[in-house]
Amino acid sequence: MDIAIKDGKIVEKVNAKKAEVINASGMIVMPGGVDIHCHIAGAEVNSGRLLRPEDHVKDVEAKTALTRSGVGYSIPSTFTTGYRYSRMGYTTVMNPSMPPLEARHTHEELDDTPMVDKATYPLLGDWWFVLEHLRDGLIEECAAHVAWMMSATKGYAIKIVNPGGLEAWGFGRNVQNLDDPVPYFNITPREILRGLCKVNKLLNLPHTIHVHTNNLGKPGNYITALETMKCVEDLAEGKRPVIHITHCQFCAFKGSDWRTMSSGAEEIAKYVNHHDHVTLDMGQVIFTDTTTMTADGPFQYGLYNLTGNKWVNHDVETETSSGIVPFRYRRKSAVHATQWSIGLELALLIKDPWKIYMTTDHPNGGPFTAYPNIIAWLMSQVARKKTMSKISKRARRKSLLPSIDRELSFYEIAIVTRAGQAKALNLTQKGHLGIGADADVAIYNVNPEQVDPSKKYKTVRRALRRAAYTIKSGEIVVKDGQIVNPVFGKTFWVDVKTSLPTEVNEDLKRKFREYWTVEYENYPIPDNFLHVPAPIPVRAEV
Amino acid sequence: MTAVTVVTGVTCPVCGTFCDDIELVVKDNVITDVRNACAIGAAKFLNYSTHRNLKPLVRKNGELVEASMDEAVGRAAKILADATYPILYGWSNTSCEAIRVGLELAEEVGGAIDNTSTVCHGPSILSVQDVGIASCTLGQLRHRADLIFYWASNPWSSHPRHIERYTMFSEGRFQKSAWRGYLSRLRGIISRKRLQRAANLVLRRDIFATPEIERRLPYSMFQKKRKMVVVDVRKTRTAEAADYFLQVEPNKDYELLQAFRMLIKDEELDVDEVAGVPVEILEEVADVMVGCELGVFFFGVGLTMSEGKLRNVDAALSLTRDLNQRTKFLIMPMRGHFNVTGADVVFTWQTGYPYAIDFSHGYPRYNPGETSVIDILCRDEADAGLIVASDPVAHFPRMAAQNLVKNPLIAIDPEVTPTTLMADVVFPSAFVGIEAEGTAYRMDHVPLPLKKIVEPPKTCLPDEEILQRILHKVRKLRRNQN
Amino acid sequence: MNIPFTEVDGLPKLKVSLLTGRTIDQGKGKECGKLSKEYLESVVICQMDPNDMKFLGVKENTNVKVITDFGSVVLKAVKSARAPHPKVIFIPYGPWASLIMNPKTHGTGMPSLKGIPAEIEPAPNEKVLSLQNLLNQFHRK
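Protein chains in written order, with my numbering: chain A, 1 to 542; chain B, 1 to 482; chain C, 1 to 141.
Check each hint, because a few of them may be wrong.
[As the list claims (entries may be wrong)] Okay, derived cross-link-like pairs now, SDA-like style, lysine to any residue, Cα gap no bigger than 25 angstroms in a straight line:
(1) B:K265 with B:R192
(2) B:K60 with C:H139
(3) B:K473 with A:P486
[Unchecked claim] With the Cβ distance kept under 8 angstroms, some of the chain C side facing chain B (calculated, not the full set):
(4) K34
(5) L35
(6) K37
(7) G71
(8) S112
(9) L113
Just so you know, these hints were derived from the structure itself, not from any lab.
Glycine included, every Cβ here is placed at the ideal spot set by N, Cα and C.
Whenever a hint applies, use it, and build me the whole structure from the sequences.
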């Protein structure tokens, strides 16, 4: 079949005589890749870049006539980030953690990230206004304030990290479970999650609440993950998801300590297979030296205690926190190898590929450039066996992978790397090649009719590393894995229209100086700040 | 018809405190009054126009003469395009938007680019790269900090509103301002000084003799309220306002910091004093550190510039990190120029490195000590220079300044400075934050907008635009060369 | 630093530790312009502990010469309001302080701008260089 592109969109047909023709026969054609969760821009990411000159020095990209220079490896500089995604056929990426006070920083970096369309999620789970409104049961007022925040920070979705824990971390503490009250605020993580889930529905935001659970990285935390999913079960309507659990691998640990730690993927998969209100992404681990960075301040401090590596902490007044610790995942570590297994188990045990997406929580589990490796593991049991033969014996014994012979097909891969993610994000113009979609296309030089990915996974991996063609908004930007046309994408943000915006403005104006150390008028990002803004208008129910 | 407007929420383009609550009264394109600013900020807003360049200048036959913008751009572009290893320096007093262009230009000409961190908190950055840093935004401290250290830093002189906006004299959700306590203490200090002066006259004592060191901490250090401790080699103004002043011998901060690291881990010190301070005092201070709700170290260039340099900061960062085992403790460098943090931030996201970047191989290289501007100049390896909003001829050690001046030199600056006096091409620029807008970063990495308050003279363009023109011309010249 | 001062050519000298840095006056002066009277007056000074001044026989507002391994400069001596700090002198950032700073960075990129070993002696008959003369003498185009 033929795909026709005109003016940046997929159309029914074009005048074949005047059109540029790309012969993709013998190759696989997919919509451009969509990454729902990758830390690529903002204060936290940049602190990570600064922290690791030793990580950059081994991976450099020289300037060319068309491209700017830069560095990698686990936290590439902005230009390099855009180029590397594009070379792999990706066209849309989502930066999942933006401290609202420093939103300007995130957008400045996104504007310097070429080749891809992007959006970012403001961290709202510990924002004092959210905590206070939800504590007092004022859901609608909370929703109105969240709407203001989306607009002020040019955000796309509500991000929640270790709800309640980040506020407790302000004084060096944490929360232990969903019902552990946040010091000084008299509200529990459960109430924060449910409250923001309701707010999300009232505001009609395109994506669900995007949640990094409490107790991340702790043996036994699969119970917290299940409870988090359960606690909003009753808020679901029909088959539409109401919560997205991100990098689920990190919250799928069974056991009571590191010695007894094992996989809780089976239990989580069982739940997800029977419930339609949840979506997940993997958070797959790669055996490499990478950098962990999350808004979960207490968790990151815990990682410092575990490893003794250098540790960066950055608490943001009134709102959130963050932490960065370099980390090496070793094959011979029973814990790391189990983590590697868990990510894949989740993806293979959850039957519906529309519910679980491929990510590494870049760079926490590993750099996004390792995506083709993960795809190889998902498509080929042989590939999994090969890696398994080199990992810790104890992990190999405990792993469920030997008993799983499912191998994802090309079609399913297209879902977990683009279509599913676009659907979860409600980016209706992305992730598919139907008429009206954005003309973001990736063509890989591997023939699905001739190549058996189960056996020839190395061929598949090679092909997916360097796209034969990447087309962005109808223009060929990559050919044979090289940038041939540097472009800049647009930044999506949700323009929520509420019925009483002035009231919220007045409320915030009065309280601003009490809560923050900046002036009310200097906080919101003006509409013309983003280089290529793409506001998505949304009518709220408040 | 005289139009008088009051502009609110103005960000002050002077120091890292980056106050954004300044109010300006503007009449006929002139700032006539400043509210809320400190003495330095007020001086800037009212006097910025006193000694400025108004026309582009080009050196001909040894003298700087007026030239057209095109001629100046042409001359500057030729200097950069012809140079083998130009250095582009400054950047801390201009907007992030201009810095982005500067990086593109440095990459284009394959030179070295560096910002003022290199002579300021560069060593702090080196230490962070070794140890990491436990930090926060300033509001976190305003809300929660009850123990504030200013170590080798004198905010009263360098960041005058820091204490009132973010620490001792600010109101937070969990901590109150210590203003009243300070006032009553001040009254006590003044009356004590009067009595002592009278006593000295009567007893004919040497009034400037080194006083006996107090062997106990004052009572206020054990109260549940905000407390401030100053550690310095001299009793600065800030030290006078503090609850306690710890006088450390010059070049001995490293020993003192390491001593504290031992004490907070409940280890015994084998000596009687460290850095001139008796161990009993140190033990009490360590107790106060461990017993606070949230403590913070603000440190200044006294640590980065004295013997040990980055190792001093290393010790401070490690002490902070170790304290987190016992309580919540954070640390922050007192950045000087209002956008030096922004320069570091922009450099890092575009190149991976915060300062001292070399593009001569076509990709970013970072090795302070080799690729930093003072070292490049002292080794006499640069053959041209572009200085943006900075005055290295006044502030660099003599040898470095001499090697900068003897080669072709381009200066982009709104004011007349020793650097512009010695340059070969001078571009008059608009004052960012007053005559040109942009973005800049506070010392705690919070980005804020710089406003345009008045129109600049027609001949004074924003740095961003001047750099764009030079970059454009350089690309044209290089295309023709090839 | 056991011997507090030596006498050479009949003039007393004092070994000190030199600090350079910011002051409010230098900051305010800078904003008035680098050629302004306010700025120039704020940076051609050397703040000394009054006891040290007494030892050297230096009266306030007379000139002193500060010598380091990297050069020497004549400045106006003023009583430090931050005393006591025996054998520590302070010169605000500026073209005069830069003449005697240590450019060595010891592989860190950072020159030594504080804690520089120096000698100070009275120089009542020597003049402070004007900015123009300073630029002419040390920086040739």
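Outcome of the hint check:
1. Using a Cα cut-off of 25 angstroms, the hinted pair B:K265 and B:R192 is violated, with the two alpha carbons roughly 37 angstroms apart.
2. Simply put, B:K60 and C:H139 have alpha-carbon atoms about 17 angstroms apart, close enough for the 25 angstroms limit, and the pair holds.
3. Annotation: proposed proximity of B:K473 to A:P486 holds, straight-line Cα distance about 21 angstroms (limit 25 angstroms).
4. At a threshold of 8 angstroms, the smallest CB-CB gap from C:K34 to chain B is about 4 angstroms, leaving the interface hint in force.
5. Evaluation of the C:L35 hint against chain B yields a held restraint, the C-beta minimum of about 5 angstroms falling below 8 angstroms.
6. Contact between C:K37 and chain B, as hinted, is not supported at the beta carbon level, the nearest pair being about 11 angstroms apart and thus beyond 8 angstroms.
7. Hint status for C:G71: holds, given a least beta-carbon distance of 6 angstroms to chain B, under 8 angstroms.
8. Interface hint at C:S112: satisfied, since its Cβ lies 6 angstroms from the closest Cβ of chain B, which is below the 8 angstroms cut-off.
9. Given the 8 angstroms rule on beta carbons, the hint for C:L113 holds: about 4 angstroms separates it from the nearest Cβ of chain B.
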